[in-house]
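K.L.:
Sequence:
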Amino acid sequence: VFEGIAQRGKTSMGWFYGFKLHAIINHHGELLSIRVTPGNIDDREPLRQGLANDIFGKLFGDRGYVSQDLKDKLFNDFNIDFITKLRRNMKQQILKPIDEALLNGRSLIETVFDELKNLCQIEHSRHRSFTGFAANLLAGLIAYCWFPFKPTLKNVSAYGQAAKN
Numbered sequence: 001v002f003e004g005i006a007q008r009g010k011t012s013m014g015w016f017y018g019f020k021l022h023a024i025i026n027h028h029g030e031l032l033s034i035r036v037t038p039g040n041i042d043d044r045e046p047l048r049q050g051l052a053n054d055i056f057g058k059l060f061g062d063r064g065y066v067s068q069d070l071k072d073k074l075f076n077d078f079n080i081d082f083i084t085k086l087r088r089n090m091k092q093q094i095l096k097p098i099d100e101a102l103l104n105g106r107s108l109i110e111t112v113f114d115e116l117k118n119l120c121q122i123e124h125s126r127h128r129s130f131t132g133f134a135a136n137l138l139a140g141l142i143a144y145c146w147f148p149f150k151p152t153l154k155n156v157s158a159y160g161q162a163a164k165n
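The opening residue of the sequence shown carries number 1 in UniProt numbering; numbering runs sequentially from there.
Treat the hints with care, since some could be wrong.
When the alpha-carbon atoms are kept at most 27 Å apart in a straight line, the in silico DSS-like pairs for lysine-lysine are as follows [stated by the list, open to error]:
{"#": "1", "residue 1": "K85", "residue 2": "K117"}
{"#": "2", "residue 1": "K20", "residue 2": "K58"}
{"#": "3", "residue 1": "K73", "residue 2": "K85"}
{"#": "4", "residue 1": "K96", "residue 2": "K117"}
{"#": "5", "residue 1": "K20", "residue 2": "K150"}
{"#": "6", "residue 1": "K10", "residue 2": "K73"}
{"#": "7", "residue 1": "K10", "residue 2": "K20"}
{"#": "8", "residue 1": "K58", "residue 2": "K71"}
{"#": "9", "residue 1": "K117", "residue 2": "K91"}
{"#": "10", "residue 1": "K91", "residue 2": "K150"}
{"#": "11", "residue 1": "K117", "residue 2": "K10"}
{"#": "12", "residue 1": "K91", "residue 2": "K71"}
{"#": "13", "residue 1": "K85", "residue 2": "K20"}
Just so you know, these hints were derived from the structure itself, not from any lab.
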């Protein structure tokens, strides 16, 4: 069904055949930007191609997004402060306490993806056409946007007050 479109990719969980959903969310768990790519695309590529064009402020990512070139590009082109966890073999970075607290809240995106997969059922292999796949994905994303209660980072305003003091 997806011959020539889907690709074989590798994650920390192993190999898969299909697509990757890249998303940027805010501290309220709301989707700000999304992109679907074949499974073999580098995780950093959607950011290079404009996933974060309409974003401002700080952007937090996991170790898969570590790239000094990407960090410089996002800062120079869009004034985005891109903060990631470091790999084990990298030199320690000094972060402001608020940035460290927000970086530790990255599990929020995992919770959002869990809800998308399990509650909105965007992950399954029964599609008979690309149109069916796209319709199912869009329906799941729209359903998630209508959820009255989304996972959030608590006390983000308190983080901001602590940073000012």
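K.L.:
Failing hints, ascending?
P.N.:
4, 9 and 10
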